[in-house]
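Enquirer: One-letter residues, chain by chain:
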Amino acid sequence: MSEILLSVQDLHTSFKTDAGIVSAVNGVSFDIDRGEMLGIVGESGSGKSVSAYSIMQILAGNGNISGGKILYKGQDLTTWDEKQMRDFRGKCCSIIFQDPMTSLNPVFTIGNQLLEAITLHTDKKGKVAWDRAVEMLELVGINEPTKRLKQYPYELSGGMRQRVMIAMALACEPDILIADEPTTALDVTIQAQILEQIQDLQKKMGMAVLLVTHDLGVIAEMCDNIIVMYGGRVCERGTAEEIFYNPKHEYTKGLLRSIPNVNNMGKKLEPITGTPINMLNLPKGCSFCTRCDQAMKICLTEQPQESTINEDHMASCWLNIRDAYMEKNGGVVNE
Amino acid sequence: MSENILEVQHLKQYFKVRNGWKLLDLKAVDDVSFTIKHGQTLGLVGESGCGKTTVGRTLLHLYEPTDGKIIFDGEEVTSKNITAMRKKMQMVFQDPYSSLNPRMTVEDIIGEPLDVHKLYSTRAERRDKILSLMETVGLNAEHATRYAHEFSGGQRQRIGIARALAVDPKFIVCDEPVSALDVSIQAQVINMFEELQERLGVAYLFIAHDLLVVQHISDRIAVMYLGKLVEVADADELCNEPVHPYTQSLLSAVPIPDPKITKARQRIVLEGDVPSPLHMPTGCPFRTRCKYATEQCAQVCPELTDRGNGHFVACHNR
Numbered sequence: 001m002s003e004i005l006l007s008v009q010d011l012h013t014s015f016k017t018d019a020g021i022v023s024a025v026n027g028v029s030f031d032i033d034r035g036e037m038l039g040i041v042g043e044s045g046s047g048k049s050v051s052a053y054s055i056m057q058i059l060a061g062n063g064n065i066s067g068g069k070i071l072y073k074g075q076d077l078t079t080w081d082e083k084q085m086r087d088f089r090g091k092c093c094s095i096i097f098q099d100p101m102t103s104l105n106p107v108f109t110i111g112n113q114l115l116e117a118i119t120l121h122t123d124k125k126g127k128v129a130w131d132r133a134v135e136m137l138e139l140v141g142i143n144e145p146t147k148r149l150k151q152y153p154y155e156l157s158g159g160m161r162q163r164v165m166i167a168m169a170l171a172c173e174p175d176i177l178i179a180d181e182p183t184t185a186l187d188v189t190i191q192a193q194i195l196e197q198i199q200d201l202q203k204k205m206g207m208a209v210l211l212v213t214h215d216l217g218v219i220a221e222m223c224d225n226i227i228v229m230y231g232g233r234v235c236e237r238g239t240a241e242e243i244f245y246n247p248k249h250e251y252t253k254g255l256l257r258s259i260p261n262v263n264n265m266g267k268k269l270e271p272i273t274g275t276p277i278n279m280l281n282l283p284k285g286c287s288f289c290t291r292c293d294q295a296m297k298i299c300l301t302e303q304p305q306e307s308t309i310n311e312d313h314m315a316s317c318w319l320n321i322r323d324a325y326m327e328k329n330g331g332v333v334n335e
Numbered sequence: 001m002s003e004n005i006l007e008v009q010h011l012k013q014y015f016k017v018r019n020g021w022k023l024l025d026l027k028a029v030d031d032v033s034f035t036i037k038h039g040q041t042l043g044l045v046g047e048s049g050c051g052k053t054t055v056g057r058t059l060l061h062l063y064e065p066t067d068g069k070i071i072f073d074g075e076e077v078t079s080k081n082i083t084a085m086r087k088k089m090q091m092v093f094q095d096p097y098s099s100l101n102p103r104m105t106v107e108d109i110i111g112e113p114l115d116v117h118k119l120y121s122t123r124a125e126r127r128d129k130i131l132s133l134m135e136t137v138g139l140n141a142e143h144a145t146r147y148a149h150e151f152s153g154g155q156r157q158r159i160g161i162a163r164a165l166a167v168d169p170k171f172i173v174c175d176e177p178v179s180a181l182d183v184s185i186q187a188q189v190i191n192m193f194e195e196l197q198e199r200l201g202v203a204y205l206f207i208a209h210d211l212l213v214v215q216h217i218s219d220r221i222a223v224m225y226l227g228k229l230v231e232v233a234d235a236d237e238l239c240n241e242p243v244h245p246y247t248q249s250l251l252s253a254v255p256i257p258d259p260k261i262t263k264a265r266q267r268i269v270l271e272g273d274v275p276s277p278l279h280m281p282t283g284c285p286f287r288t289r290c291k292y293a294t295e296q297c298a299q300v301c302p303e304l305t306d307r308g309n310g311h312f313v314a315c316h317n318r
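If you read the sequences in order, they're chains A and B. Under my numbering, the first residue of the first sequence carries the number 1, and numbering increases by one thereafter. Under my numbering, the first residue of the second sequence carries the number 1, and numbering increases by one thereafter.
Check before you lean on any hint, since a few could be wrong.
[What the hints assert, rightly or not] Derived BS3-like pairs: lysine-lysine, alpha-carbon spacing no greater than 27 Å straight-line:
(1) 263(B) <-> 267(A)
(2) 170(B) <-> 253(A)
(3) 267(A) <-> 260(B)
(4) 263(B) <-> 204(A)
(5) 253(A) <-> 260(B)
(6) 203(A) <-> 263(B)
(7) 170(B) <-> 268(A)
(8) 87(B) <-> 267(A)
(9) 80(B) <-> 267(A)
(10) 260(B) <-> 204(A)
(11) 37(B) <-> 268(A)
Hints were generated in silico from the structure; no laboratory data involved.
Working from the sequences, and respecting the hints, build out all of it.
Expert: See below:
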């Protein structure tokens, strides 16, 4: 029995810069069910983090949500004021950032920062709140929690700090946890610990997790459902099996071919040609058309709509649409 | 001529660190020995802070080694002959954003090693050499007059590689050359390294923390932990049959981009963090996180011994 917890519908987010307006997210839609682990994967600049920040409305000062809806349990977050949002953050939805070195305040102790989250969002105070903080640190696998609470961030290692961040994010038992590249700054052995931790906690607390990362390995290991983003748009979405074994978008295919894996050891990698697109002037058509080998005329001029491959799988690529409606679009010619 | 282009014997690199009023030795690299054959690639992997970058830099005398010998092409590398040696060994740095001088044009960046080693007689020859180097690494010759900031990360890394190739070296230290790049660009650069090796016969020390990338590009792999080598073997053998418990856990921690494989396998999750190199455990450096650790491990540091087939392991129990 799945229940849609958060529904992002046709989200547009843009940033005003000196060079012009940068549309970082262009019409992204997805749903997260209760207890689901959803992965967003993409290169830097694909809009994956901005999508996550838009949900929390913690965009930089020059950014704003210029269109679309974000429905949390049926209510549109984009119409909420700051006070309502403050209630939402932490209590209903919390976020772990990429860099555990800079996301903790260096001049306050761990306890101070952890208690702030607890006292702000729950009615726990004093000793009860402190006990809760100790409990949370134990939960994320930090030994000697009472000692750690009195320490400052610089006294902890990177892995420990990320655990503190997780403890802080989960202290108020949110429904949704957004993990924005939670392990990118960490070593593989520590990464394995943290990922295991997130999986365990998800099982224990039943929250939904939105995992944003560029690492296909992490995605493969963690997620049930995957969204592939490029140029601020969703290229392809589906279950992990469908995306990895039956990719239908040229970008996803290229991405999977270009990483070293068990099958292509000793062989040449097949890189995606060209360079990532400039977000200042997005192509009129499909955002991937400039790097796509299979690009057709229509790819350059019109954005592809999402087409259904099967019930677990959707892709936005004209090739699929062409294959499905071959006779109707008879005029489409390969470039 | 020996078959090894590089022989490193008992290399040590200690840094003096002030801890309060005490001066301590930080043993970044402690008694490391390895060899690299002509035209081959040795991958060096390990977690951050294990000393892999220091090894690379010490080879080129960017740091004066505390102790040990570096023999390159039959000749010992010393601080006296290092300038001449750097004509044969070069380095590509991790961060393509900070390793190029922002005030120099691409032409001057790539031309600088030619200037230093006086590898041309006329201006025209210099320019020809630079343009052919740019072509080698897949850069457009029209971009020679541009500055580094006008290029993307992948292109900057190509400039760095062209600069290293300028003196026609036999050996290049590649210090995390692809880790700052996007996945789709990484493959382009990795392929280029492989093509250059085939064409020019250059040997690499390929330092990286991404094991899949290292396995792809390397002939042999050395695994480092807290300044010491714990296992050295042929790439496929090391990845398929790791012997040292650290290598085993490192390999099992690498996320494999294949849901069926990665969900089916058993992860060996290591307890705790890497100890501080200022307070190294006695004996084997890995014993604090090792499930096989015994009394002996706390007292004697295991030596790297040959287990047959050129597979070297430093462990008492495995």
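Enquirer: Checking against the hints above, which ones are violated?
Expert: Those not satisfied are hints 2, 8, 9.
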